[in-house]
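Engineer: Sequence:
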Amino acid sequence: MFNRSRGVAPKPQQKHAAASGSNPDHRTTGYKPLLTRPTLSARLHAFFARKDQHNPGIRSLVIGVWLRSLVGLTLIAILATSTYFIIHSMLTINESSGTIVNISGRQRMLSQRGALFALELASSEKQAAQENAREELQKVVDLMLSSHLGLTQGSQEMGLPDTMSETMRKLYFGKPDQLDSQVKRYLDEINALIRDSRTGTVNYSNPHLQYILTAAPDRLLKTLNAAVKQYETEAGEQIQNAIRYEMLVYLVTLLTLLLEALLIYRPLVNRVRSTTENLVRQQEFSDSVINTSQALIIGLDKQGKVSLFNAYSQALSGYHEDAVIGRDFLDTFIPPDKRQQMRELHANLFTDKSSQRFEAPLLTVNGKTLIVEWSKTSLFDPVTRQPTLLLATGIDITLRKKTEFALKAALKQTKALSARLREEVAHAAVLQRALLPPPDITLPGLQGLACLTTSTEVGGDYYDYYAVGDYYSVFLVGDVSGHGVAAGTLVSAAKMGVHQLASRGETDPALMLEHLNAALLTASHESMFMTMVCCCLDSRTGNLRVANAGHAFPYLWMAAEQEWGMIEAEGLPLGRVQLPQYTTQSFDMEPGDRLFLYTDGILEEENVSAEAFGYERLEGLLYETGNSPLQQAHETLFNSLKAFSGQEHFHDDVTLMMVEHTERVTAIAVEEPVGLQAVASQELRQIDAATLLGQPGALAEHTARQYVVLTCHEGQVDDLLIPMCRFGIRRILPEDQPFLRELGWQNLLRQHQLTLTDDIYQWLPNPALHREWVLHHSDDKAFIIQEIGSLLAESAQVPEEVQDVVLLMSDELLENSLYGAPRNDQGAPRFVKGGRRQVGAEEGIRITLSQDTSRLGLMVTDHWGTLTPSTFLNRLFLNAAHQGIEAGVGGAGMYLMWRTCDYLQIRVLPNRKTQVTLLWSLAHLPDPETDSGFQFLYHNDLDERVANDELNQFETNHGDDKQATIKGNENEYESEYEYA
403 MFNRSRGVAP
413 KPQQKHAAAS
423 GSNPDHRTTG
433 YKPLLTRPTL
443 SARLHAFFAR
453 KDQHNPGIRS
463 LVIGVWLRSL
473 VGLTLIAILA
483 TSTYFIIHSM
493 LTINESSGTI
503 VNISGRQRML
513 SQRGALFALE
523 LASSEKQAAQ
533 ENAREELQKV
543 VDLMLSSHLG
553 LTQGSQEMGL
563 PDTMSETMRK
573 LYFGKPDQLD
583 SQVKRYLDEI
593 NALIRDSRTG
603 TVNYSNPHLQ
613 YILTAAPDRL
623 LKTLNAAVKQ
633 YETEAGEQIQ
643 NAIRYEMLVY
653 LVTLLTLLLE
663 ALLIYRPLVN
673 RVRSTTENLV
683 RQQEFSDSVI
693 NTSQALIIGL
703 DKQGKVSLFN
713 AYSQALSGYH
723 EDAVIGRDFL
733 DTFIPPDKRQ
743 QMRELHANLF
753 TDKSSQRFEA
763 PLLTVNGKTL
773 IVEWSKTSLF
783 DPVTRQPTLL
793 LATGIDITLR
803 KKTEFALKAA
813 LKQTKALSAR
823 LREEVAHAAV
833 LQRALLPPPD
843 ITLPGLQGLA
853 CLTTSTEVGG
863 DYYDYYAVGD
873 YYSVFLVGDV
883 SGHGVAAGTL
893 VSAAKMGVHQ
903 LASRGETDPA
913 LMLEHLNAAL
923 LTASHESMFM
933 TMVCCCLDSR
943 TGNLRVANAG
953 HAFPYLWMAA
963 EQEWGMIEAE
973 GLPLGRVQLP
983 QYTTQSFDME
993 PGDRLFLYTD
1003 GILEEENVSA
1013 EAFGYERLEG
1023 LLYETGNSPL
1033 QQAHETLFNS
1043 LKAFSGQEHF
1053 HDDVTLMMVE
1063 HTERVTAIAV
1073 EEPVGLQAVA
1083 SQELRQIDAA
1093 TLLGQPGALA
1103 EHTARQYVVL
1113 TCHEGQVDDL
1123 LIPMCRFGIR
1133 RILPEDQPFL
1143 RELGWQNLLR
1153 QHQLTLTDDI
1163 YQWLPNPALH
1173 REWVLHHSDD
1183 KAFIIQEIGS
1193 LLAESAQVPE
1203 EVQDVVLLMS
1213 DELLENSLYG
1223 APRNDQGAPR
1233 FVKGGRRQVG
1243 AEEGIRITLS
1253 QDTSRLGLMV
1263 TDHWGTLTPS
1273 TFLNRLFLNA
1283 AHQGIEAGVG
1293 GAGMYLMWRT
1303 CDYLQIRVLP
1313 NRKTQVTLLW
1323 SLAHLPDPET
1333 DSGFQFLYHN
1343 DLDERVANDE
1353 LNQFETNHGD
1363 DKQATIKGNE
1373 NEYESEYEYA
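Start counting the sequence shown at 403; every next residue gets the next number (our numbering).
Honestly, the hints are just simulated from the structure, not real lab data. Note that beta-carbon positions come from the ideal geometry of N, C-alpha and C, so glycine has one too. Heads up, a few of these hints could be off.
As the list claims (entries may be wrong) - Here are the simulated lysine to any residue pairs, SDA-like style, with alpha carbons at most 25 angstroms apart:
no. : residue 1 : residue 2
1   : LYS804    : GLN815
2   : LYS586    : GLU568
3   : LYS572    : ALA628
4   : LYS1315   : ARG1232
5   : LYS541    : ILE596
6   : LYS528    : LYS586
7   : LYS1044   : ASP1182
8   : LYS704    : ALA628
9   : LYS804    : SER777
10  : LYS897    : PHE955
Stated by the list, open to error - Cβ-Cβ distance ranges computed for the label pairs, FRET-style:
no. : residue 1 : residue 2 : range
11  : SER491    : ARG597    : 46 to 52 angstroms
12  : GLN743    : THR476    : 55 to 61 angstroms
13  : ASP1181   : THR816    : 56 to 62 angstroms
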């Protein structure tokens, strides 16, 4: 039945795997990340933040200068380094090129030297000369070979590169020159010549000598010359490239210096100028603020000398700035008895050991002492970070101090008044508690328990209950939108309204709410209103009627199903609008069923986590305690709420009411009298028709007509109407009518006794059909009559003729109630008959239809109470004389009611209530020719005794001419009231 939210299981905590070499994420490995080295800009900001933390303008300027200067210097350093490397490269190129050219030229020289020593080896005859020639040739071979290898493969010792240009590679290894092959063959030929010289004599015909002397010089020398020339050419090109690079770097350097001047130093100069101007403006602004401030601003150095004295200080103290600058502040402005204390305070102020705010006296130039509240600010040296100036700001609080003394005296008086007010509030709380009925509820067919706890001494919650007659149990719970005395006022007004409803036996919840709404509209103040739920249980049938005025929906426990159901009845809160138009819902309760009413305080109570108690917890507890005793259920609910909130007292008023339908209450049997002449009480006067007609003086002049019952036989009523009008008798019962004996003679006789139950319930205590309708608009009449017709048509026990009569009487009765209001001050009807209008709650117009196996009842109730016995009797008399249906006379409606029903009863509480009840027997059809009994019960404070002048007036008008009598009485009574 209820929408219960399911709890969500918490998610398992994510587990991190162990760190591994493949997982660099420190968040999952558990290792801390490596510290990154801060940038230069960040370190500069941190450094100057420590140096100039009290002057952000200077700090920003210095940081800007440093950063821009570093950028310029860095660019210059880069360009200088580039120039160095270019020059170094040029020198390296020159050195390498010279070495290559020298070695290449030496190869050419060595080739010629080899030819020379080869010729000497061949021409020498001496052994020593030949040996010397061989040694020289060997040196030529070794040096030429090492040089060749250095030129082709590179050599660090010789300073030769290991790369060569494409042209040189082609010259050494490509065709047709193949210098590499020529050099190697040349060296091979020399080595062969040396070997030949060691084995024998070398002559000019030796082929190796011939190659060295003839073939080699011709080709080898030309190729070596070409290599030397190529090396010289390439060296020159490299030098030209280096020169071009140097020129480019030179131009870049000039451009960089120009850009530094435009982009770095010019903005830097502008910023310095702008910052300087801002500092000057700030200084001027500070001086202006200091001199225009409505507070004392005084600057003191470490020795306590005055170095700053603003204009307000001058105006307040009377000293001119020139007179106090350089003077000791304490000796000038502090009273002698306070100077030592202030010197210690001054020393602590510079060491920052004292409070930032303090009060001290101040002497003016004319000797007047002021009380000043000081707050201090220390100014620090930008280099040493030591305090150099104490800036004291003061506010003259002399007037405030005087006001404080006055407020303390007033506070003392207020506390005394508050204590008295608390006593009165406590007394009001006691009175409010006294307004509530006992918590243990005992009503017809109903047992219950109500508990109320307030968040303040005077709460805004309210509960009440009362019984109507022997069968009806009325109970309700309300909640005012607020707390305190104002809410208690509305509760008191509601209690007064409920007392009025209980006094008149009201059982319709919707009508009760409309009555209370009208009462609270006059009592409510500001935006306060009241919610309420009203319930009424008919203990005979278990029929439960519920109406709601914006209150929390009640719960109904169905014991047989072991289920709680929410009664979703809606309506506007009390005290908000004039015509809220509440509706009543009906339910059936069986013995053992329960009803739970509560206020929203239990739902809105919060715990320490600001979580509301809510419907889900409440419904869970209701199911838990569904079969528990009422006392135990209440204790469980309150203990659970206290445990949830964690405190004994709640933030809002909390009211709980739980009632249980314990049993069906059966109708009380009416004891039949021994004889028809028995009376209900000693004060009742029963007189028969013969006595009234034969002995008119038998009825004493001052007998209360409320206690006079006239008895007669069939066919005598018409003749008795004139004496009844004359003597004011308004109760007549035909003795020989079977239906009246069925109703119970004693019960009929004691109808003058006022009860809290509607009259229809006395005659139909256990109805099989029972419906009631409340009118909110005149248009509701047609709908209600249609509903009555449908209900009667469905009943097999009600004859069609009776149905027609009931519908006719329903229309007549409702019409009378709709327009039966008292006349206004001008004597005109308040409501025009036949017009459409809203029906106010205070009118209380309702119609009730009830039926059992033997009789049918129709009852209409309103709160006008304007119908009088004299008007009623005259209407019957006029229509019985066939005069009531004439134009302009009217009154036929009441006559028809009497003639078409089996018993008519009218009960009037003057200006409070009118209730008309018509009864029909289902054993026979209606017979207008048969005399029916009627009783008009008029409950006023004076018992409505008949006055002598009224009797005399009637006797004067009475004569042989009936028409004259009719007209005389008509004029008399219509001048006072007009009901139908």
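Engineer: So, for every hint listed, does it hold in this structure?
Structural biologist: Do the hints match the structure? See the list:
A distance of roughly 17 angstroms separates the Cα atoms of LYS804 and GLN815; the hinted pair therefore holds under the 25 angstroms criterion. At roughly 21 angstroms between alpha-carbon atoms, LYS586 and GLU568 fall within 25 angstroms of each other, so this suggested pair holds. The hinted pair formed by LYS572 and ALA628 meets the criterion: a straight-line CA distance of about 12 angstroms does not exceed 25 angstroms. Of the pairs offered as hints, the one joining LYS1315 and ARG1232 holds, with about 17 angstroms between alpha carbons and a cut-off of 25 angstroms not exceeded.
Under the criterion of a C-alpha separation no larger than 25 angstroms, the hint pairing LYS541 with ILE596 is consistent with the structure, at around 12 angstroms. Among the hinted pairs, LYS528 with LYS586 is inconsistent with the structure: their alpha-carbon atoms are about 30 angstroms apart, more than 25 angstroms. Pair hint LYS1044 plus ASP1182 does not hold up; C-alpha atoms about 49 angstroms apart against a cutoff of 25 angstroms. Between LYS704 and ALA628 the alpha-carbon distance is near 92 angstroms, which puts this suggested pair outside the 25 angstroms criterion.
A threshold of 25 angstroms between alpha carbons decides the hint, and for LYS804 with SER777 the separation of about 21 angstroms falls inside it, so the pair holds. At most 25 angstroms may separate the alpha-carbon atoms for a hinted pair to count; LYS897 and PHE955 meet this at roughly 21 angstroms. A C-beta distance of roughly 47 angstroms is found between SER491 and ARG597, which places it inside the suggested range of 46 to 52 angstroms. In this structure the hint that GLN743 and THR476 lie 55 to 61 angstroms apart at CB holds, the actual value being about 60 angstroms.
In this structure the hint that ASP1181 and THR816 lie 56 to 62 angstroms apart at CB holds, the actual value being about 59 angstroms.
Hint compliance for this structure: hints 6, 7 and 8 are broken, all remaining hints hold.
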